[in-house]
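K.L.:
Chains as they are written, first to last, in this note's numbering: chain V, 1 to 312; chain B, 313 to 739; chain E, 740 to 931.
Since the hints were derived computationally from the structure, they do not count as laboratory data. From the three backbone atoms N, C-alpha and C, an ideal C-beta is built for every residue, glycine too. Please note that a few of the clues may not be correct.
[Claimed, not checked] Cβ-to-Cβ under 8 Å is the rule here; a few derived chain B residues that face chain V:
| id | residue |
| --- | --- |
| 1 | 512 |
| 2 | 517 |
| 3 | 583 |
[As the list claims (entries may be wrong)] Chain V residues, not near chain E, derived (Cβ > 10 Å throughout):
| id | residue |
| --- | --- |
| 4 | 215 |
| 5 | 228 |
| 6 | 268 |
[Unchecked claim] Derived coverage of chain V by chain E (criterion: at least 3 residues anywhere in the stretch with Cβ under 8 Å from a Cβ of chain E; other residues may be distant):
| id | stretch |
| --- | --- |
| 7 | 27-37 |
| 8 | 294-306 |
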Amino acid sequence: MRHLLSASDLDLASATSILDVAEEMQQVQSRPVKKLPALRGRTVVNIFFEDSTRTRTSFEIAGKWLSADTINVSAKGSSVSKGESLRDTMLTLDAMGVDAFVIRHPSSGAAHQVAGWVQAKVINAGDGQHEHPTQALLDAYSMRHHFRSIGSDGFAGKKIAIVGDLLHSRVVRSNVLLQRTLGGGVVLVAPPTLLPTGVETWGCPVTSDFDAALAEADIVMMLRVQRERMAGAFFPSEREYAEGYGLTEARLAAMKPGAAICHPGPMNRGVEISSAAADAANSLVLDQVAGGVAVRMSVLYHLLGSDEGAKQ
Amino acid sequence: MTTSSGSLLITGARLADGTSTDLYISDGVLADPASAPAGVERIDADGVLALPGLVDLHTHLRQPGREDAETVASGTAAAARGGYTCVHAMANTDPVTDTAEAAEYVQALGERDGHCQVRVVGAVTRGLGGAELAELGLMAASSAGVRVFSDDGRCVDDSLVMRRALTYVKSFDGVVAQHSQDPRLAGPGACCHESEYSGRLGLPGWPSQAESVIVARDVQLAELTGSRLHVCHVSTAESVDVVRWAKARGIRVTAEVTPHHLLLDTPLVSDYDTTFKVNPPLRTAEHLEAVREGLADGTIDSVGTDHAPHARQDKDHPFDVALPGMLGLEQALAVVVDVMVNTGRMDWPTLVERMSAAPARIGRVVGQGRPLVVGEPANLVLVDPSARGVVDGAASASRARNNPYHGRDLPDPVVATIWKGGVTYRR
Amino acid sequence: MADPAPDTPTSGISPRVVVDGPELARSLARMAHQILEANRGADDLVLLGIPTRGVFLARRLAALIADIEGRPVRIGELDITMYRDDLRANPTRRVGRTAIPGRIDDAVVVLVDDVLFSGRTITAAIDALRDLGRPRAVRLAVLVDRGHRELPIAADHVGRTIQTAADERVQVRLSELDGDDAVTIGRTGGKR
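Please model the complete structure; the sequences and the hints are all you need to start from.
P.N.:
Right, here's the structure in full:
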């Protein structure tokens with residue numbers, strides 16, 4: 001694998017391999033020495049042009065547990081304000097002999113552009129409103145664990161309702177693409193103002209009726225809704241949003257037996273998710289965080305474990 | 313600034329109407345070929361079309377302020393290569409062309425460095441701020457003789473300011489050239505035609521209606537004021553419909569389309585290549601079809617290049633941050649020939665009307681866009697309609713390299729360009 | 740760790756059986772006794788098989804030891820993929836399972852593999868083990884020692900020592916995976 005820019009870069013075999021290896025990686029978390037030597041001597045630069053403590057820490061731990069030299073660069077607001085272009089910023093770091101960049105950027109497509117400029121491998125850790133492939137992988141990882149825990153295997157036939165601000169969400173795009181590969185059935189639920197243009201071409205049902213989707217869902221994935229969206233006239237009030245699209249206590253009770261809750265975090269308790277739902281026994285939120293490190297270890301291993309297809 | 317002057321005899325050229333003739337140029341004007349002396353310099357134009365020099369109503373020359381991206385010299389050299397003998401230098405320079413002094417400065421640059429005539433476009437509002445009128449009358453009365461006023465790059469979105477500007481320029485026969493973009497429907501971040509592509513790519517969308525609602529407002533203001541309105545870079549089917557409606561009502565509106573909106577479509581941005589970031593954005597096939605039809609039937613009067621050179625560092629940013637704009641002067645004729653003439657949608661006389669005569673009329677440019685008859689100024693372009701080639705963006709007279717046609721197989725029609733009797737470009 | 744790739748059929752020379760099923764069983768039985776003898780019983784004993792065939796050999800040895808001792812012995816699996824010194828030189832390898840039965844601190848760990856060749860696999864296994872705890876002792880049991888060591892590694896318990904040429908290929912066949920039990924040698928240019 002040259003880069004991981006989009007969930008669509010993964011075919012079924014590679015996606016499954018990443019999830020399988022992540023299972024082994026997760027064991028490391030319970031070891032006395034949380035360290036594998038696989039990426040000894042590799043240099044991974046986490047370059048974050050916007051803050052994300054969760055994702056950055058997750059990648060940092062993943063790299064360190066694989067013995068890579070992990071360097072964090074906080075580049076928030078740096079390049080444009082200093083007059084330096086993104087290309088120059090990245091070429092400068094690339095010239096230092098970096099093996100991989102983990103890049104988070106507020107602009108859609110930034111990781112794609114960087115991949116075209118640098119020699120190093122590029123992992124997209126979230127680009128604007130576009131994609132966040134490792135989040136989709138860790139979502140799939142948590143879902144697979146959950147399905148296995150209730151005696152079911154595989155994604156085929158499963159209904160995954162993704163609910164909330166689909167317009168501004170990179171998580172939803174990656175999940176739709178990854179589940180298209182893995183075979184899960186995604187249902188998209190959002191107020192009409194928060195649907196991306198052309199969502200009807202994404203190949204999954206779209207509805208504004210959360211309750212109908214909820215009744216059938218094996219997984220209910222709640223997306224964070226940002227309060228500043230109200231200023232953009234996307235919805236009238238938090239109260240109205242929660243009523244229509246929040247995972248309230250009543251909706252928690254209406255979930256199908258065996259269904260579970262995901263949330264990529266950080267959660268707005270009381271808006272898109274009630275505290276009761278966030279802390280419910282069938283909430284996978286903390287499993288997602290724990291699995292995040294294992295999945296990112298697996299991704300790093302798949303990209304950097306072998307020299308094949310590396311620097312040309 | 314010309315590479316030769318004096319007398320020149322062009323033999324066997326075909327005119328747009330299909331007739332053949334010799335053209336004798338003497339002292340910058342077309343003279344009777346029979347009067348050409350025996351030893352005169354000759355160009356054998358057998359199989360070549362001679363057309364009036366092209367006129368661009370919409371050119372960014374970046375001088376003063378961004379001479380690293382383009383200068384009057386380099387931009388007009390690109391114009392000459394593209395067959396142009398006159399360009400209109402947009403006002404969004406640094407400083408903005410919003411005073412008589414600024415206009416005269418650009419005018420002087422054009423007279424000193426130009427490889428074609430440079431007409432100055434004045435800003436509509438001071439500093440392109442959209443609030444107070446720029447010194448429209450003084451610019452008109454200056455030696456630059458400004459007739460076209462535009463805040464291009466920004467929309468004059470305040471309806472009252474737009475009404476006042478239209479009313480004000482009427483007294484000196486000016487025209488307000490509007491960049492039609494509703495700033496709320498298509499905010500500063502909007503960088504991709506709102507479509508399934510913007511949705512999938514996660515790029516902020518620029519709906520086609522953000523253009524047409526402004527066009528609809530402006531044509532009604534033009535009707536209200538009885539003034540001349542020019543709609544820059546029409547990119548959507550809805551805008552074409554509105555302009556068509558307005559013309560049917562007798563409103564004094566003219567419109568232009570860019571070569572890129574005729575040829576290039578939204579999917580080109582799928583790799584986040586900022587070369588294809590332009591404002592208004594590249595549209596989808598149905599809009600391309602509508603603007604082609606509008607150009608063919610005259611709803612759209614003219615082709616304006618919106619030649620927008622940018623330094624590399626201003627394009628090497630994330631897509632939503634990179635500056636919008638692409639080059640256009642050198643390939644404009646190639647695109648129009650490819651899209652409109654070679655497809656049979658437009659004949660050569662109509663091309664001359666859209667790319668030379670109409671823009672000269674709209675800009676009130678004397679001595680440009682004139683028929684090639686004895687007594688007229690010798691502004692012309694020699695065209696080989698059958699030549700083709702792959703565009704090499706590196707082989708450009710422009711200082712910038714944001715050429716969206718790089719690597720594309722296109723007609724390569726311009727054989728020579730002659731301005732005021734001097735050869736400004738020859739292949 | 741045996742090469743999981745099948746014999747190259749184009750070699751034209753079919754591999755020759757050097758150890759048949761009954762012999763293989765006798766070797767394992769002898770190894771089980773040796774392990775118990777060296778350890779003076781099964782106390783603190785942990786057998787860790789190295790995937791793929793080492794895992795099955797460890798299971799067989801554990802069953803034999805349990806028969807002799809009358810109580811089960813702890814067994815597990817130790818994947819060494821991440822510790823290989825040739826990790827980068829190859830296409831991305833699938834990672835095998837590592838399953839350690841409880842703590843290994845102060846235990847006597849017996850690493851079990853099918854063929855001892857260069858010694859690199861065992862070095863990697865020792866590295867892997869070090870990240871998992873601190874055994875009192877680590878011993879090595881291999882079904883076949885074929886020589887050609889590249890590192891200072893020696894086995895404590897060997898089923899069969901076989902003289903080989905470096906370019907010969909030694910393959911252990913186990914009924915669990917291959918349908919029958921045997922050790923074969925082929926001259927296929929493979930690394931064993």
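K.L.:
Sort out which numbered hints this structure fails and list those numbers smallest first.
P.N.:
none
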